[in-house]
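Each chain is listed here by its residues.
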Amino acid sequence: MGLDFTVIPGYLDIVLLGGLWTVGITVAAALLSFFGGVVFAVIALYAPWIIRQPFRLIEWVFMGTPLLLQLFLIYFGLVQIGIDLPAFVAGVIGLGLHFAVYNSELIQTAILSVDKGQMEAARTVGLSRVQALRKVVVPQAVRAVIPPIGNNMIALLKDSALVSVIGVSELTLSAQRAIGATYRPFEFYLLAAALYYVINLCMEAVQRRIERRIAISR
Amino acid sequence: MDVDLMLRVYPFFLEAAWVTIQLSVLTALLGLACGSLGAAARLSRFALARFLGAAYVSVFRGTPALIQLFILYFGGPQVGIQLDAFEAGVIGLGVNVGAYMTETIRGAIISIEKGQREAARTLGLSRWQAMRNVILPQAARMMVRPLGVNLNMLIKSTALVAAISVIELTYTAQRYIGSTYKPFEMFLLAGVLYMIIIYATGRGVAWLDRKVRIV
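Read top to bottom, the protein sequences are chains V and G.
Going by my numbering, the first residue of the first sequence is number 1, and it counts up by one from there.
Going by my numbering, the first residue of the second sequence is number 1001, and it counts up by one from there.
No wet-lab data here; the hints were simulated from the structure.
Note that the Cβ used here is the ideal one computed from N, Cα and C, for glycine as well.
Be a bit skeptical, because a hint or two may be false.
[Unchecked claim] Here chain G is said to cover these stretches of chain V; the calculated rule only asks that three of the stretch's residues, wherever they fall, bring their Cβ under 8 angstroms from a Cβ of chain G:
#, segment
1, 15-29
2, 58-66
3, 160-170
4, 196-205
[Claimed, not checked] So, partial list: chain G residues that the calculated Cβ filter (under 8 angstroms) puts toward chain V:
#, residue
5, Val-1059
6, Gly-1062
7, Pro-1064
8, Leu-1066
9, Gln-1078
10, Gln-1082
11, Phe-1086
12, Lys-1156
13, Ile-1167
14, Thr-1170
15, Tyr-1181
16, Phe-1184
17, Gly-1191
18, Tyr-1194
19, Met-1195
20, Ile-1198
Let's have the full structure, built from the sequences with the hints guiding it.
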């Protein structure tokens, strides 16, 4: 059949719009995964046993099964118990929770690496345990953990392609729509790959800037 | 929870798990081959090889594995590559995970102290001899654990081939969710099987790591 890249301009707007949705999903899921990761980490480290154990089980399930399977469960499973979420929301929740678990692992290590004297000093000046965590320990831990979390967020961008399977019109599904109209899979998937690559490079550039800023202020 | 249904369908999930295991093993082997080649290229004396190695890693780690799989499987016939879904899955995922393994292997090799190589060269070993007899035996021990992390990721990413209709665990779960409307039960079946595979692999990697570790 051969290749014919002249078909691309006619569908470029659809695919680019899909790219915008990919960016939106990535940003929304990244925020959820970051704050979720902080909450999970604090629970894993400080919550009473009775809360901690179920959480560890959830973490274990999230890390031991494929994201795609989790997306199916969230999208179809919530319908079964009467919660009918739009695919976009289900996708953001699935991606966000999945990566929150991975972020939580990083943040836990970072919290433990914050010097114990910090907590003791904060408690001595009269902060409660929760205040000390929130205002002294966690902010320091989060800064130490930004570079590896950046790597997770880049992985999140690539995994956002999976939400096409539950019908979110992001970059991958938009490319599929264009392919449905033109029967040109190679050209349009290559275009999608190129767009993912560009978004990826942008994220890496942002990550480097943030890392440099942290390095200076240290 | 519909236990009767689960008892009725679980043999199909076991069959599917076997496909997932086959996919994982073949993909891991291809990934190791690509990773070794990639690492050799990235550490080469020749600028062109280094550039190609770096480009391989950057492109395959910089784009979604799902898209790579689609290009190969759906786009392949346009450029004369006809593969069935299973073959496309193994090749697509293997080349993808090879890019991650390239970095793992390279990382282990460059973590070996420079003095080791210099000492070997001083003793009269050639560049290749020093690599084969001094550096690699040490580096191989260092890379067991990180390659285990790659392997863990790989097993989960075999779920992607469900999107090109390979009848493995995730595809099977998806099909039964569609026909029974019991997502939790199907997730439980597939999830438990995935976790068994991943747990067993993790134990195997830990065992190998203990066995080859010197210190």
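Comparing the hints with the structure gives:
| no. | hint | verdict |
| --- | --- | --- |
| 1 | 15-29 | violated (count 0) |
| 2 | 58-66 | holds (count 5) |
| 3 | 160-170 | holds (count 5) |
| 4 | 196-205 | holds (count 4) |
| 5 | Val-1059 | holds (7 angstroms) |
| 6 | Gly-1062 | holds (5 angstroms) |
| 7 | Pro-1064 | holds (4 angstroms) |
| 8 | Leu-1066 | holds (4 angstroms) |
| 9 | Gln-1078 | holds (4 angstroms) |
| 10 | Gln-1082 | violated (12 angstroms) |
| 11 | Phe-1086 | violated (17 angstroms) |
| 12 | Lys-1156 | holds (4 angstroms) |
| 13 | Ile-1167 | violated (15 angstroms) |
| 14 | Thr-1170 | holds (5 angstroms) |
| 15 | Tyr-1181 | holds (7 angstroms) |
| 16 | Phe-1184 | holds (6 angstroms) |
| 17 | Gly-1191 | holds (5 angstroms) |
| 18 | Tyr-1194 | holds (5 angstroms) |
| 19 | Met-1195 | holds (4 angstroms) |
| 20 | Ile-1198 | holds (5 angstroms) |
Of the numbered hints stated above, those contradicted by the structure are hints 1, 10, 11 and 13, listed in ascending order.
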